[in-house]
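Residue numbers (my numbering), protein chains in the order written: chain A, 1 to 194; chain B, 1 to 233.
For the record, the hints were derived by calculation from the structure and aren't laboratory data. Just so you know, these numbers come straight off a predicted model, no measurement behind them. Be careful, since some hints might not be right.
Keeping only pairs whose Cα atoms sit at most 30 Å apart, straight-line, the calculated DSS-like set for lysine-lysine is [said to hold, decoys possible]:
hint, chain 1, residue 1, chain 2, residue 2
1, B, K157, B, K137
2, B, K216, A, K61
3, A, K166, B, K2
4, A, K161, B, K4
5, A, K125, B, K4
6, B, K56, A, K166
7, B, K174, A, K125
8, B, K232, A, K124
9, B, K58, A, K170
10, B, K56, B, K29
11, B, K216, A, K36
12, B, K174, A, K124
13, A, K15, B, K29
14, A, K84, A, K37
15, A, K170, B, K187
16, A, K170, B, K29
17, A, K125, B, K187
18, B, K55, A, K166
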Amino acid sequence: MTHSLYRKGSIEDLKNDYVIISMLARGINDKSPEVKKNHLRLGEILKQHNPTNLLLEAAWKISTVIQGCFSDIKDVREILKTIKEEDLGVSVVVSGLISEVKNVCDDIGLKMHTVNLALGEFGKKNLLPSEKTLEITTMCGHHCVSSQSVEHYIDQIKNGKISLEKAAEKLTSPCVCGIFNTNRAKQILNELTN
Amino acid sequence: MKIKEDLCIGCGQCVVVCPTRAIRLIDNKAVIDRDLCVECSTCYRSANCPSKAIKKEKLKMPRLVRNPFSDMMATHKLTGVAGRGTEEMKTNDVSGRIGMNEIGFSIEIGRPGIGARLGIAEKFTLLLARMGVEFEKASPLTALIIDDEGHIQEDLKNEMVLSAIIEFKVPYEKTAEVLDIIKKLDKEVDTVFSVGVISRVMENGDIPVCDLLAQKDFSVRPNAKINVGLGKI
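Looking at chain A on its own, in the form it has when it is part of the complex:
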């Protein structure tokens, strides 16, 4: 449903940005009432661990995907540990720094099964906006947050027309999947306007 793979930023920046996606497999376990119940339980676990954003709860029952965004690897650790202990049996993907996620897996006795590595951008890269703008826009997996909206809110913040918090909220609104990290957007806007 969403492409969290191409989030940008330095290693330090990405230490505050993790996405957890749980998806049921079409034709394999998406029709099982027990698995669906476990999937909804997973949503509750995500909700209890300080998500900076989360797929709307109303969508959980009708979707094969539940996902959220987190700023602290400790929350990611607790979430994975709880899912493992409760043996929910649903597929879980963590999108974030490989080294950090590997440490968590080693720590709680999980083995990474499959990785999706990002090789970055190719082609006419001169068409792209600045790296900092991309750090914000790439947090929307379907790229529905426009680069000109970032420019717009930077101007508005500089002119005192909107607060950092409100601008970050406004930038979050086109991302309906719940993986745009509002906290991180606020931090980047702060850097860009100071």
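Chain A is fixed; fit chain B onto it per the hints.
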């Protein structure tokens, strides 16, 4: 999408949110460039148009194809997944879609945020089909390939989308050949594209494709998507 000129008050909110810069203010009225509009519905959902001037229109082919490749709320009939991708590695621990000696690829034309004509995908699919890759059957882009040579449906090639993902897998030994195609087209396409590589993780934690990527001068980002193996059948 359409903007009703008689209702538009020229506030410009739709101009700001448009991911492809397809909306401009002309004489204090918002006007959509139909060629650049990818039918993503972001303006309709997120501009909070105060006069409700933004309207969805009933699309017909070939323009209709823009919508599932651009609007995350559109569920493609083929995949059953909202958005333009598939389950890919997200359920690999139960689906086994990518095996131990296989490498999956996702080449996403138009990402990040620039957009692409579907015809650009054909530059890739022709070369990939020739080397015998296995295109992902559930991918919306695969549904547009009309023959074994990798041709894309002719009347759709000029359609502009926010991005389209070419998903496929190869036996490990053909990985280098795919990487060469990526290098070749890096210099030839007139938009951007992003590349993802999917690999199983060995029992000892190794990811052998990383060495090959380094040998071929590809940089791997420090962040990735990691299936942590919690799924069960």
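These are the hints, each one checked on the structure:
no.: 1; hint: B:K157 x B:K137; verdict: holds, 20 Å
no.: 2; hint: B:K216 x A:K61; verdict: violated, 44 Å
no.: 3; hint: A:K166 x B:K2; verdict: holds, 29 Å
no.: 4; hint: A:K161 x B:K4; verdict: holds, 29 Å
no.: 5; hint: A:K125 x B:K4; verdict: violated, 35 Å
no.: 6; hint: B:K56 x A:K166; verdict: holds, 28 Å
no.: 7; hint: B:K174 x A:K125; verdict: holds, 27 Å
no.: 8; hint: B:K232 x A:K124; verdict: violated, 42 Å
no.: 9; hint: B:K58 x A:K170; verdict: holds, 29 Å
no.: 10; hint: B:K56 x B:K29; verdict: holds, 18 Å
no.: 11; hint: B:K216 x A:K36; verdict: violated, 43 Å
no.: 12; hint: B:K174 x A:K124; verdict: holds, 26 Å
no.: 13; hint: A:K15 x B:K29; verdict: violated, 44 Å
no.: 14; hint: A:K84 x A:K37; verdict: holds, 16 Å
no.: 15; hint: A:K170 x B:K187; verdict: violated, 37 Å
no.: 16; hint: A:K170 x B:K29; verdict: holds, 23 Å
no.: 17; hint: A:K125 x B:K187; verdict: holds, 11 Å
no.: 18; hint: B:K55 x A:K166; verdict: holds, 27 Å
The structure does not agree with the numbered hints 2, 5, 8, 11, 13, 15 stated previously, though it agrees with the rest.
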